[in-house]
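> Chain by chain, the residues:
4 protein chains.
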Amino acid sequence: MASVGIVGGTGYTGAELIRLLVHHPDAKPVVITSRNVTGTPVSELFPSLRGFSDLKFEDPATVNLGTCDVVFCATPNGVAMTLVGKLLDKGIKVIDLSADFRISDQALWERWYGMKHAAPELLASAVYGLPEIERERVKSARLVANPGCYPTAVQLGFLPLIEAGVVEGGLIADAKSGVSGAGRTEKIAFNLCEAGDSFKAYGASGHRHLPEICQGLERIAGHPVELTFIPHLVPMIRGIHATLYARVPDRSVDIQALFESRFANEPFVDVMPAGSHPDTRSVRGANTVRISWHRPGDGDMVVILSVEDNLVKGAAGQAIQNMNLMCGFDEAAGLQGPGLVP
Amino acid sequence: MASVGIVGGTGYTGAELIRLLVHHPDAKPVVITSRNVTGTPVSELFPSLRGFSDLKFEDPATVNLGTCDVVFCATPNGVAMTLVGKLLDKGIKVIDLSADFRISDQALWERWYGMKHAAPELLASAVYGLPEIERERVKSARLVANPGCYPTAVQLGFLPLIEAGVVEGGLIADAKSGVSGAGRTEKIAFNLCEAGDSFKAYGASGHRHLPEICQGLERIAGHPVELTFIPHLVPMIRGIHATLYARVPDRSVDIQALFESRFANEPFVDVMPAGSHPDTRSVRGANTVRISWHRPGDGDMVVILSVEDNLVKGAAGQAIQNMNLMCGFDEAAGLQGPGLVP
Amino acid sequence: MASVGIVGGTGYTGAELIRLLVHHPDAKPVVITSRNVTGTPVSELFPSLRGFSDLKFEDPATVNLGTCDVVFCATPNGVAMTLVGKLLDKGIKVIDLSADFRISDQALWERWYGMKHAAPELLASAVYGLPEIERERVKSARLVANPGCYPTAVQLGFLPLIEAGVVEGGLIADAKSGVSGAGRTEKIAFNLCEAGDSFKAYGASGHRHLPEICQGLERIAGHPVELTFIPHLVPMIRGIHATLYARVPDRSVDIQALFESRFANEPFVDVMPAGSHPDTRSVRGANTVRISWHRPGDGDMVVILSVEDNLVKGAAGQAIQNMNLMCGFDEAAGLQGPGLVP
Amino acid sequence: MASVGIVGGTGYTGAELIRLLVHHPDAKPVVITSRNVTGTPVSELFPSLRGFSDLKFEDPATVNLGTCDVVFCATPNGVAMTLVGKLLDKGIKVIDLSADFRISDQALWERWYGMKHAAPELLASAVYGLPEIERERVKSARLVANPGCYPTAVQLGFLPLIEAGVVEGGLIADAKSGVSGAGRTEKIAFNLCEAGDSFKAYGASGHRHLPEICQGLERIAGHPVELTFIPHLVPMIRGIHATLYARVPDRSVDIQALFESRFANEPFVDVMPAGSHPDTRSVRGANTVRISWHRPGDGDMVVILSVEDNLVKGAAGQAIQNMNLMCGFDEAAGLQGPGLVP
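Protein chains in written order, with the working numbering: chain A, 1 to 342; chain B, 1 to 342; chain C, 1 to 342; chain D, 1 to 342.
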């Protein structure tokens, strides 16, 4: 039984880690930290966890993480990079759910995140934790950079087409996220009266997930990729829907077969029958990315529809999947079960 | 491993039974019926179940339920009463999620449900499946009438006060339900444009759950109970919140202790600390009833707040809890796990 | 054309005042203040007002309100009481949308609001602005205390029964509000992920609107009234639904006639046909309180259902109605038009 | 005062026509029809209209529309084409809100709508009622085909770029609609439990609004246009958000100026400041299309964000705008007023 620490546990990803680990056969949360609510039981902040966790939030300044086998960093961007080195030195495996180690190019990271990187020496060894692409490297990693929510849905959606080299020209990812993607935040923009019963784009001129997605797609493609990425805010709690546009002029490509064979052995990618439209609720609470595709009017343009739960496959679930790989557990341990519908 | 049949599986309770049984250690759905979509895979109607169920809907007119150990009737009111006798004759245990066997008084049932009862001879032996009250009788029952969603939340909320005999005068249950309480229905009133971003009462002059609740409360009290019950429709998917009003003039009653001791050994009733306000999302997808109480202004009136997921503890979860008791399984088998928050 | 000032204009009631005044034939906003966004155009904060208002937020510390005929205070509790005296001295009519002048009993106010009252000498002359009860006094008032959102729906719902003296025993008001009732606030509890798809009670042990409602009902009744008031949070933006319980043992009371005759000449109270269930959306954006009643099972208990838009009849609309009365305008000026459905 | 008839008044566009006409200075609904609820008062079906309309639904088979000056057809596709001829013969102006006359090419219409056109002889004289493009023709039209909701938002968004001839290559319209876009329908897919708290694409392989949009864009461009159009369903009531992608390689094009000058005299198109993100709620209930644009990473791709209320500028509001033009009224009559926010 692995002992798990969660640093920064008052956000939605922290709570989701606890929720998912409740039934994990091989791992157990033993410590969780928070600067703001030190001493408060986790189940007081999240009454849904009453009866499932006796943990109290501990002060990150004084907490002892030395007994942990694995630590999840569920901290705001810029925090994990100051902590990870010490944890690795103690032989602790680390999965960082923030953006600190997602982009290998230090200068690129610093430009998009507007701060100096505190641990650039770790960037090279950090493994980008998208198991469908980096499974083998994750297994032997000591530090995993857990992908962003949009990048997971977008990269997995484009993956088979780019690997097959059938795309011509630039890509478009028109992505939509539930409000929990913004985290457990007090910002007025996410008040139910502001975000409810309405829809809008945001970050249309440039969003931090763009360079992360491009890095991933370019590694697959082996050459630069032109991507337009426009995120939107949906009046719902969980879920990401990525509508992906790619030109595939060659009509002889069997796209359904391409997707099905690429993901045949993936426990958490579900390719739907041709002509389907996945809805985000079908993966609510589940670690699945569900994908379908269309070729409207039998034209050049192929449209891929890719959905996930941003807090599960887009964050905490994928982090546990990575832990499972790093620790030699069953990759699906603790992550099984269908979405909550309705 | 018990073989489970589900009659009438295209509604929300049918789908919820499948969802919950996916991980049940001792029971497995082997047959599911539907009049309208015979031949369709369950996972086509509910894509969230893709990979979790290979069942197809079978025609109820020709299906063979004889191999089942347990059958759940998730049919509209008036159907189960025509089927149950034959199932019992085959030695099959039956749990009816409809209202057909909830009310022992045939005339009362016929008045509220507006039809002749087709199996009045079974009414006496049907056990009302609220385990917190009828656990021992459920264990030996062959036919369990699974309680309604409102009646579960309301009865469990009033239970300790009524058992203790501390209430004076009439009771009020001001109850609120998410839209899934109406079932998977095409009625225009439940279209998102009608039920969304709005709130209303319904059935204020008389709702079918009233006699069911009164029957239960009167059995506990041992005398007639005056209850005003007003249901409301909340613009959310799952969840019931019952706000219960009872006069308890005796200030010496330790209400917190009364609730905590009454439910001390109940795996699915959670009494919150004094002064709490449970929210329905804290039990989303979970089989828990979460309860707290208040005595505003230290007056005579005690207010109990009782929440549940109408599809779980209010329907499919409670049905599985009853199955577990009837079959000698662990009462909580397949029903563990926290609510999905956020 | 009256010149209108709005003090504290960045909240929902401030924005709603602007929205409603856009088409007022006799009044025009000429100044609006905010401490936090001084210099910002109103239409930048509320793009829905683009093209409808050229105003910019001015600094309340330096603004000149001397040119106003009427000033609305849409400030947090405790602010208006420091400003009103000076405005009245300049001959300006003041309508305070906060709670500062709603309760005549200074000690009672100070106990519920947890602060010392800064202008107790004005309490006696402040008129409680519920036109259906205080119309004549409002007409000649210089300072009107605009009622709270819950108190408006609750008082108007109980009014005919209490005036008629037909109620026996205590009253219950089980009230439900959309999230905008909490104001334009950054509190995490009102984030869409927290308040969405869920339902809860709050303030069950005591809410500040309780003494305000009791004061109003006792003035009508002429004697003390026992009221239990439990507010709830509904996952919607606008709307209040009050479910009101009162014992009316005398079956000979024609309740429909009582309500219809009491409100026959009220432009903003709509008594529905017997047996109706008003929904909050039917008054979305409108200045109407819509009411119906039930006598379940022909028992002693009468249940009144009362809905309003908390930002209109429960705040800004009622404030304009009061302004119209104070200024001698048509009482309905600027307030006509049906609710926005769907 | 023009006498207005509404044929097919039980849907959302029918109700919205009534809501908007309540305060129209020059037009008044005098007759409204419905096959299903003949004899029912409009205000019974839509209680929000209580006090605003005394009309009852009349039987379309026997109704006399001869006294009308203008008739709105708010009927399902395929109905108006059987009625319009007779109305025109009586000298009545007709605005058809269905799709029957939107596409000039009879064969194209029949292919997409799957039926034989019943009045092909009227197609040539029917004017496509997008005033921003066809204002002068609308003024003299006897029959106006009111544009679809998506086509309005998409065409107005692309219009300035296409008129200026600065676009290279194909276009993409990733469009999102609230549920009311599907009409007042009983389909299970639009039940709050199905469409709520979720997001999905639909009609990705081909949607009927595609040929309508293409027809409009090609008329502007003067040559064929390649468009990929993917609609999505948003868990909200009203609102369309179109995210439009067009390649504009020439960086010297001043796009802000292009949009501002094109719409400078348009009362119902609002071009936001550069860098803005319009939200659908900002036009809730209003007849405005609100537009902004972005050039992410200063690349070739220009992204236009275009929002409208699908029931107002996307249906009933635009229909009234067309009526105003046809009848010589002020184009904005009855259509003024800001969106309902929050």
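Be aware that one or more of the hints could be misleading.
For chains that are exact copies, the list does not tell them apart, and a pair is met inside one copy or across any two.
To be verified - No more than 20 Å apart at the CA atoms, straight line, and that leaves these computed lysine to any residue pairs for SDA-like:
no., residue 1, residue 2
1, Lys-90, His-223
2, Lys-187, Glu-44
3, Lys-86, Pro-249
4, Lys-28, Ser-125
5, Lys-187, Leu-45
6, Lys-56, Met-272
7, Lys-139, Thr-185
8, Lys-187, Gly-11
9, Lys-28, Ala-189
10, Lys-56, Ser-276
11, Lys-28, Gly-328
12, Lys-86, Ala-124
13, Lys-116, His-23
14, Lys-116, Val-248
15, Lys-28, Gly-337
16, Lys-116, Glu-168
17, Lys-56, Ala-119
18, Lys-56, Val-37
19, Lys-116, Ser-53
20, Lys-139, Gly-78
21, Lys-86, Gly-169
22, Lys-56, Lys-139
23, Lys-86, Arg-35
24, Lys-187, Thr-40
25, Lys-56, Pro-273
26, Lys-90, Arg-295
27, Lys-86, Gln-256
What the hints contain is simulated information worked out from the structure, not anything from laboratory work. Note that the structure is predicted; figures quoted are calculated from it, not measured.
> Taking the hints in turn, state whether each one holds.
Evaluation of the provided hints:
1. Lys-90 to His-223: Intra 38 Å, inter 68 Å, cutoff 20 Å: neither.
2. Lys-187 to Glu-44: between (22 Å within a copy, 17 Å between copies)
3. Lys-86 to Pro-249: neither (51 Å within a copy, 49 Å between copies)
4. Lys-28 to Ser-125: neither (26 Å within a copy, 46 Å between copies)
5. Lys-187 to Leu-45: both (19 Å within a copy, 15 Å between copies)
6. Lys-56 to Met-272: between (42 Å within a copy, 17 Å between copies)
7. Lys-139 to Thr-185: For Lys-139 and Thr-185, neither the intra-copy (33 Å) nor the inter-copy (45 Å) Cα distance is at most 20 Å.
8. Lys-187 to Gly-11: So Lys-187 and Gly-11 pass the 20 Å test inside a copy (14 Å) and across (15 Å) alike.
9. Lys-28 to Ala-189: neither (35 Å within a copy, 29 Å between copies)
10. Lys-56 to Ser-276: between (45 Å within a copy, 19 Å between copies)
11. Lys-28 to Gly-328: Within one copy, since 15 Å is at most 20 Å while 30 Å is not.
12. Lys-86 to Ala-124: within (17 Å within a copy, 67 Å between copies)
13. Lys-116 to His-23: Neither. Shortest intra-copy (39 Å) and inter-copy (47 Å) distances fail the 20 Å Cα cut-off.
14. Lys-116 to Val-248: Classified as neither: same-chain Cα gap 40 Å, cross-chain 35 Å, threshold 20 Å.
15. Lys-28 to Gly-337: both (19 Å within a copy, 15 Å between copies)
16. Lys-116 to Glu-168: neither (36 Å within a copy, 40 Å between copies)
17. Lys-56 to Ala-119: Answer is neither; intra-copy 29 Å and inter-copy 46 Å both fail.
18. Lys-56 to Val-37: Intra 9 Å, inter 39 Å, cutoff 20 Å: intra-copy only.
19. Lys-116 to Ser-53: neither (37 Å within a copy, 43 Å between copies)
20. Lys-139 to Gly-78: neither (25 Å within a copy, 56 Å between copies)
21. Lys-86 to Gly-169: For Lys-86 and Gly-169, neither the intra-copy (44 Å) nor the inter-copy (53 Å) Cα distance is at most 20 Å.
22. Lys-56 to Lys-139: neither (31 Å within a copy, 38 Å between copies)
23. Lys-86 to Arg-35: within (19 Å within a copy, 45 Å between copies)
24. Lys-187 to Thr-40: Between copies, since 19 Å is at most 20 Å while 23 Å is not.
25. Lys-56 to Pro-273: between (46 Å within a copy, 17 Å between copies)
26. Lys-90 to Arg-295: Neither: 52 Å inside a chain and 47 Å across chains, both beyond 20 Å.
27. Lys-86 to Gln-256: Cα proximity of Lys-86 and Gln-256: none, with 46 Å in one copy and 47 Å across.
In terms of the numbered hints stated before, the structure departs from hints 1, 3, 4, 7, 9, 13, 14, 16, 17, 19, 20, 21, 22, 26, 27, listed from lowest to highest.
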